[in-house]
Amino acid sequence: QQPVQSPQAVILREGEDAVINCSSSKALYSVHWYRQKHGEAPVFLMILLKGGEQKGHEKISASFNEKKQQSSLYLTASQLSYSGTYFCGTASFGSARQLTFGSGTQLTVLP
Amino acid sequence: NAGVTQTPKFQVLKTGQSMTLQCAQDMNHEYMSWYRQDPGMGLRLIHYSVGAGITDQGEVPNGYNVSRSTTEDFPLRLLSAAPSQTSVYFCASSSLTGTYGYTFGSGTRLTVV
Chain X
52 QQPVQSPQAV ILREGEDAVI NCSSSKALYS VHWYRQKHGE APVFLMILLK
102 GGEQKGHEKI SASFNEKKQQ SSLYLTASQL SYSGTYFCGT ASFGSARQLT
152 FGSGTQLTVL P
Chain H
2 NAGVTQTPKF QVLKTGQSMT LQCAQDMNHE YMSWYRQDPG MGLRLIHYSV
52 GAGITDQGEV PNGYNVSRST TEDFPLRLLS AAPSQTSVYF CASSSLTGTY
102 GYTFGSGTRL TVV
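Here the protein sequences line up with chains X and H, keeping their order.
Using the numbering used here, read the first sequence as starting at 52 and increasing by one per residue.
Using the numbering used here, read the second sequence as starting at 2 and increasing by one per residue.
Hints are supplied without guarantee of correctness; some may be wrong.
[Claimed, not checked] Result set (EDC-like, lysine to aspartate or glutamate): computed pairs, CA atoms no more than 20 Å apart in a straight line:
id	chain 1	residue 1	chain 2	residue 2
1	X	118	X	65
2	H	10	H	31
3	H	10	X	68
4	X	119	X	91
5	X	101	X	91
6	X	110	X	65
7	H	10	H	60
8	X	77	H	39
9	X	88	H	73
[As the list claims (entries may be wrong)] Covered by chain H, per the in silico footprint, the following chain X stretches (three or more residues, Cβ under 8 Å):
id	segment
10	84-94
11	148-158
[What the hints assert, rightly or not] Quick list of the computed label-pair ranges, beta carbon to beta carbon:
id	chain 1	residue 1	chain 2	residue 2	range
12	X	88	H	112	17 to 27 Å
13	H	40	X	70	32 to 42 Å
14	X	62	H	10	40 to 50 Å
15	X	72	H	21	35 to 45 Å
16	X	88	H	3	12 to 22 Å
17	X	127	H	96	22 to 32 Å
18	H	58	X	67	18 to 28 Å
19	X	78	H	100	31 to 41 Å
20	H	15	X	67	46 to 56 Å
21	X	145	H	84	27 to 37 Å
22	X	131	H	29	17 to 27 Å
23	X	161	H	55	23 to 33 Å
Since the hints were made in silico from the structure, they are not lab data.
Cβ atoms here follow ideal geometry from the backbone N, Cα and C, with glycine treated the same way.
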């Protein structure tokens with residue numbers, strides 16, 4: 052079953068913060084986050100594993116609440132280059148390599 | 002450059018025609034998969050493979066066949082194209098542990114008329 056992402060779309064000004072949520076009805080082994088720019092392939096951002104700690108690099112980080120089967124992606128002090136569609140991909144136990152993707156969150160950063 | 006190579010980038014087919022979408026990776030990844038992307042629906046898994054000679058169905062396998070004769074190649078065959086198969090197709094690969102995420106190819110935009 053497809054994870055649910057929220058919000059579906061968000062518009063920010065440069066320098067503002069955003070949070071994108073991903074929720075699953077299944078017990079999760081891992082959560083992946085990807086960013087896709089228009090007309091391009093999705094690009095891997097980070098992975099969060101069950102029992103792992105919050106991951107991040109620079110101003111993009113994420114958390115994984117195993118009990119609630121939820122993950123959140125945090126974008127702080129957003130830049131124009133952050134614009135794109137963000138997808139979470141979830142893997143459940145027994146199929147740890149197969150990712151089921153959410154429908155995406157379209158993020159637009161304005162100058 | 003290391004990565005996943007998909008061909009062709011664009012294709013127009015007539016209903017009932019068959020074709021093969023090619024996918025090759027040079028990262029020695031064991032796991033390869035095919036997704037289709039439709040507006041508002043994210044990426045849906047068609048077929049996947051955990052190694053040469055091993056394939057399995059994903060969420061939306063009907064109308065598609067795959068084979069994996071080598072570690073590098075994972076072609077996707079459309080048996081008899083239908084307008085409902087109009088979509089953007091992505092091939093992706095990863096190590097079996099998956100801890101470094103998927104690497105996606107640049108995609109094939111397919112239109113069936």
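Tested hints:
1. Simply put, residue 118(X) and residue 65(X) have alpha-carbon atoms about 34 Å apart, too far for the 20 Å limit, and the pair is violated.
2. A C-alpha spacing of about 24 Å is found between residue 10(H) and residue 31(H), which places the hinted pair above 20 Å, so the restraint is violated.
3. For a cut-off of 20 Å, the pair hint linking residue 10(H) to residue 68(X) is broken: about 36 Å separates their Cα positions.
4. Between residue 119(X) and residue 91(X), the direct Cα distance comes to roughly 32 Å. Violation of the 20 Å bound is thereby established for this hinted pair.
5. Restraint check for residue 101(X) and residue 91(X): not satisfied, since their Cα atoms lie roughly 30 Å apart, outside the 20 Å limit.
6. Restraint check for residue 110(X) and residue 65(X): satisfied, since their Cα atoms lie roughly 13 Å apart, inside the 20 Å limit.
7. Distance hint between residue 10(H) and residue 60(H) is unfulfilled; the C-alpha atoms sit about 24 Å from each other, more than 20 Å.
8. Only pairs whose Cα atoms come within 20 Å are accepted, and residue 77(X) paired with residue 39(H) is rejected, the gap being roughly 24 Å.
9. Between the alpha carbons of residue 88(X) and residue 73(H) the distance comes to roughly 26 Å, so the proposed pair goes past 20 Å and is violated.
10. Under the rule that three or more residues need a Cβ within less than 8 Å of chain H, the assignment of the segment 84-94 of chain X holds, with 5 such residues.
11. Counting residues of the segment 148-158 of chain X whose beta-carbon sits less than 8 Å from any beta-carbon of chain H gives 8, enough to reach three: the coverage restraint holds.
12. For residue 88(X) paired with residue 112(H), a C-beta distance near 22 Å keeps the hint of 17 to 27 Å intact.
13. The hinted window of 32 to 42 Å between residue 40(H) and residue 70(X) is violated, with their beta carbons roughly 24 Å apart.
14. At roughly 31 Å, the beta-carbon separation of residue 62(X) and residue 10(H) lies outside the given 40 to 50 Å, and the hint is violated.
15. Restraint check, residue 72(X) to residue 21(H): a C-beta distance of roughly 39 Å satisfies the suggested window 35 to 45 Å.
16. About 21 Å separates the C-beta atoms of residue 88(X) and residue 3(H), a value consistent with the hinted range of 12 to 22 Å.
17. Distance hint check: the CB atoms of residue 127(X) and residue 96(H) are about 30 Å apart, consistent with the given range 22 to 32 Å.
18. In this structure, residue 58(H) and residue 67(X) break the distance hint of 18 to 28 Å, their C-beta atoms being roughly 43 Å apart.
19. Range check, residue 78(X) to residue 100(H): about 19 Å between beta-carbon atoms, so the 31 to 41 Å window is missed.
20. Between residue 15(H) and residue 67(X) the beta carbons are some 48 Å apart, a value that agrees with the proposed interval 46 to 56 Å.
21. Distance hint for residue 145(X) and residue 84(H): a CB-CB separation of about 35 Å, consistent with the stated range 27 to 37 Å.
22. For residue 131(X) and residue 29(H), the hinted distance range of 17 to 27 Å is not satisfied, since their beta carbons lie about 36 Å from each other.
23. The hint said 23 to 33 Å for the Cβ distance between residue 161(X) and residue 55(H), and at roughly 47 Å that hint is violated.
In terms of the numbered hints stated before, the structure departs from hints 1, 2, 3, 4, 5, 7, 8, 9, 13, 14, 18, 19, 22, 23, listed from lowest to highest.
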